[in-house]
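A.B. asks: Here is how the chains run, residue by residue.
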Amino acid sequence: MTLDMGQVVRLLPELVERARTDAHQREQRLDEALRLLHAAANDLAGVAHVVEAAETSWALALPYREPFDAAIAPPAELPTDYTVLAVDGSSIDVDRNLPLACFVINLGWMHICYGDKPAACYGSTVDIQPTSDELFMRDNDDPSRETMVRGEALSLLRSVREMAEAAACAARFADERPLLALIDGTLALWNVEKRDLPEAVVTMLRDGPRGARQALDSLRDLAHDHPVLFGSYVSRTGATNVANTLRLLACPDRPHVVCRRCPGKGKGERPCDAVGIASDALLMRALLAPWQRSAVFLPRRPGATSDTWYREAGHEIGFFYLNTGEEIARVELPLWIADDVHRLGLLHGLLVRQARDGMGYPLALREAHEQAVISSTDRQAFITLLSQTCEQSGIPWLISAKAWQKRVRAI
Amino acid sequence: MIDSPLVTAERYGRVIKSTVETFVAECFTNAAAPPLGELLVVEDGTPIIAIVADISTESRDGTRPLGLHGGPEDDLQHVLDANPHIPALLRTCFTGVVAGYWEDHHLRQYLPSAPPPVQARVRRATAAECAGLIASFDFLRLLLGVAPHADDAIAAALRRLAPPEPERRPFLVRAGKALTVLLAEDPPRLHALLRRLQG
Amino acid sequence: MTYENTNGNAPLRDGTDGRMTAERTVSLWSAHEGHEHDSIGLVVSGSLTEGLEIRLDDRVLPSDVIVGTYVTIDAGTRRFFGMIKDIKLCTTIAQLAHTPPGPDEDFLREVYQGTAVFGMLQVQPMLQINDVDGEGRAPEPVKSVPPHFSRVRLSTQEEIERIFGTEDGRHFVIGTPLDMEVKVRLDYKRFIERSNGVFGKSGTGKTFLTRLLLLNTIQKSNSQKEQKDKAVCLVFDMHNEYGWKGTSEDEHREVPGLKRILGSDVAVYTLDSESSKLRNSYPDGEIVIGLDQIEPDDMKLLQETMGLSDNAVDACEALYEKFQEEWFRNALELQITEKGEEDPTSRQLNIHAASVRNLKRALQKFKRGKDFIVDKAPEDVLASLLKTLENGRSVVIEFGRYGSDLDAYMLVANILTRRIHDRWREKTEKALGTGGEHPIHLIIVIEEAHKFLDPAVAGHTIFGQIAREMRKYNVTLLVIDQRPSAIDPEVMSQFGTRITCLLDNERDIEAVLSGVSGKSGLRDVLARLDSKQQALILGHAVPMPIVVRPETYDQTTYARFRESLRSSQPAKSDPSDDSDLFIN
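Residue numbers (numbering that gives the first Met the number 0), protein chains in the order written: chain A, 0 to 410; chain B, 0 to 198; chain C, 0 to 583.
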């Protein structure tokens, strides 16, 4: 069937017109959102009140101590002697076609020293977990509840391991020079309850050995004695926390907003639509000049419970947006860093340096990523090695037809 | 050249790629690569004597090419200071051309039957080992046959092997004569090589 | 762990250092007297006919080698001797001829020397020894070639001496080789048993050489015990060089002649006693030729020089038939009338007026000025001359002022030789038939031999006959000539030994070397001789061709001759005096 260009030609103008109209509308909404943002800039208490009282499923942002519309430049003076540590991870998922059900996590790290004694070192740590507690995420209370680590669970595990690795490396490298420790992705296990993970798994990730709490504790302790800074970097953030919060501020029902009672809901005519913007990134791009950061926000999700442990453990996580010129990134950091104005500025400034060196993305993180990457060749080699080892040990292997096909490529 | 055979000769690196004619080794330390024309011994396995025909610096990861850093006003040290990760991501390798091997303590100046094993260590040859090489100029045939030509390395090696004055010149003349016989079919190449030797 | 080499101190294997290679090869060849140290190269190609190609060792510069010198080639139990006939510069890299090393490229020059550029010798093999240590030690003419890569060295003095014979009754010294002090000797017996030739451009020393040869021959003859081994010489001395005294090579000094040195062993006859007196020469006899001794054959020989027509020559024959020995006088008395008619004698003999005129004019012109021609010879001087020879005394015939008169020379030579021919043949046939003594071996020495031996004339003259047949009658020739190409090739082929000084005419060189094996190399050697004091000797009397510097003709030489004379013969008084031998 060929594409009827005649029809296409007739349909295009409408499309273009709609886009133009849409763009215009979007511009209007953005302007409105910005206006609202500026208006609420110093009314931190007011915003807090609305956020805390809201009944909505949206993720929200609470400005921490800085004006809502803050656009802060990096500090002018920065130390010349400092080091950067970055950790990233990648994984090979469980493959039913392997003789042994297992997964591989590869954590890559890079440590770079700037200043008087420039140096760099890097490495990677491999974690292979076959039929172990972790793999099946066994619930010790109920052994029947086993979840194979796969997909999202694996990536969560990976994130936690990254934090642990970052803590371990930071301990190794910390000295009298400022150390910026970065990981890629989110610090907070936000969406845990959205996923179908048993409590036991979550607990293990959070509280178990090499878990999130342990990592954060270790980092905080380290930060007591050394100028250590820690954060995570989320590239191309799609978050909408601030945008959502602005909607609340635009709601006629404020300060007590209940979204499910909204009259325009479902019909596309909600009052907050006037300030509806697709993402925080759009907003921040308009608000922040290159290398500026937004205020530190606290993420709030009404009704959520799983993220309170952070507060209890003393590791409440905040975040700010950073304009790297190339993109708007979201930087998450524990409040024990954000509380220290000097450290916060240092974090911002060194991060900007790294992003500059790395053409818009922190250089060390990119390098850590390179160390972490598992190429298809690596993957194949792993499978081969695993198969050989299994064969030698006499483990029977029934391979699926698909795997067999993939393996034998010779003519 | 190290004069005393008792001094442990400096170890440069390990073989990462090899054929019976040549091998590539990665340096232990990027800054400590052997110079062109240096005489090497491959330990670990059949001991092989070779000369350095090429030295290269490249990205460790073949899929990641090196890019430009800094502006025209920034000198090298400035760029390296500002980008400490770059040296860490590089490796220096050197190519060795096989000139002979030892069998029962006899140095044979022809190709061994197997290439040097990968991961074998490579070190500088001692004065005594070099002396064994220059007893005859047969090894030149091996060096001249390598493609692409390693003529500058050959000239550098011969100049290194030459004893101090007053035997230096006669030695170089003898080497030149051996080369003349081997390269009679390629006068321009011979001429260029002899000029380098004379220098 | 370091790897020591057990062969770390081995000498170079590729021969780029000639010294070390030579040391290594000592064990390869038969251990002879360490000659290897003089090695100059290796045989790399060549043939018996064309000569061997020798690749010069690197440390031997082409300029160190001289053409004409001898080399020895060791090939296991065999040994070869040859003469260097050519030296070449070779290169393996053609480009070097276009772009040679520059003036500041000493290094390149040194490197290329012996590798890309090197010298090659062409050597003509001449003798071989088949079994150096064993029975076959005597050198033989070469019949084979040494194998590839045989070592070549300059021949030693001992080797040359051994080849050219030691001092004994059979050999006499003729000179020394170019670059050595050994003696080169000719084999006397072989020298006298065949005709020989001395050749060379004018001024190159032929006379000098001939003197030396004659002195030695006569002296050697004296020392022979057996009559059959003795020899006498009859010298037709055109320029008065051989008898009493002659001039030295540079024509400033006088040198003593055969008689002055050898005394009564030599008799001098003169055609021109006045001239002899002027020269303080004391002849033992004077030659007169009677008209009755001249024969028509003599006219035939002199036809061209006399200007005789063919008819006139025929007339001579006719006259001889009628008048026998009186023919000449009768020929002079033939008349032509005023009307141009023949006289009866002429008519009777069928001689035309024109022939008569021609004949008379020629004969008169011929007779004029030759004082030695008389109507009738008083006594038979010629017979006594022959007797002198038969008794073992050599004879020199001085021509005095008639030396420049070719007619006189040729006439006397022809007449005398005719007599000798008859006498010697007679005696030989008698000896063969009824027993009795063979005639003594006679060597007839003639100069300007091409006049007698020209192909056109050789058939007529007695010399041609002698050259061809007289060996069996114990008469041989020693010819001295500067135009050997003009000599009949058939005659030339009879010459056993040829001694030649510098020749520069292609045809002359070709003529001298005709019939000689390996002459291509000798041609070059011949063309490169010095213009004086060098001669190439080849042929019957030497084992192989050699370039020599003839012995000097000086006090030591004379003393030697006189010494040997005294020792072999009772003292004779002679008018010569020791102190007189050197006029300066």
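Calculated directly from the structure, the hints in this document are not laboratory data. Be aware that a few hints might be false.
Some chain B residues close to chain A (C-beta under 7 angstroms, calculated; not the full set) [as the list claims (entries may be wrong)]:
#	residue
1	H84
2	P147
3	D151
What follows is a list of derived Cβ distance ranges for each label pair [claimed, not checked]:
#	chain 1	residue 1	chain 2	residue 2	range
4	A	G122	B	G69	53 to 59 angstroms
5	B	G66	C	C89	21 to 27 angstroms
6	A	A72	B	E72	43 to 49 angstroms
7	C	H147	B	H104	22 to 28 angstroms
8	A	G302	B	L65	49 to 55 angstroms
9	B	E166	A	A380	20 to 26 angstroms
10	A	D377	C	A93	39 to 45 angstroms
11	B	H104	A	D377	23 to 29 angstroms
12	B	T28	C	D37	55 to 61 angstroms
13	B	G69	A	A380	36 to 42 angstroms
14	B	E166	C	D503	32 to 38 angstroms
15	C	C89	B	V19	34 to 40 angstroms
16	A	G324	B	G69	17 to 23 angstroms
Remember, predicted model here, so these are calculated numbers, not experimental data. Idealized CB from N, CA, C, for every residue including glycine.
A.B. asks: Give a verdict on every hint.
C.D. replies: Do the hints match the structure? See the list:
| no. | hint | verdict |
| --- | --- | --- |
| 1 | H84 | holds (4 angstroms) |
| 2 | P147 | violated (29 angstroms) |
| 3 | D151 | violated (33 angstroms) |
| 4 | G122(A) with G69(B): 53 to 59 angstroms | violated (27 angstroms) |
| 5 | G66(B) with C89(C): 21 to 27 angstroms | violated (58 angstroms) |
| 6 | A72(A) with E72(B): 43 to 49 angstroms | violated (26 angstroms) |
| 7 | H147(C) with H104(B): 22 to 28 angstroms | violated (35 angstroms) |
| 8 | G302(A) with L65(B): 49 to 55 angstroms | holds (51 angstroms) |
| 9 | E166(B) with A380(A): 20 to 26 angstroms | violated (55 angstroms) |
| 10 | D377(A) with A93(C): 39 to 45 angstroms | violated (58 angstroms) |
| 11 | H104(B) with D377(A): 23 to 29 angstroms | violated (44 angstroms) |
| 12 | T28(B) with D37(C): 55 to 61 angstroms | holds (58 angstroms) |
| 13 | G69(B) with A380(A): 36 to 42 angstroms | holds (37 angstroms) |
| 14 | E166(B) with D503(C): 32 to 38 angstroms | violated (51 angstroms) |
| 15 | C89(C) with V19(B): 34 to 40 angstroms | holds (37 angstroms) |
| 16 | G324(A) with G69(B): 17 to 23 angstroms | holds (19 angstroms) |
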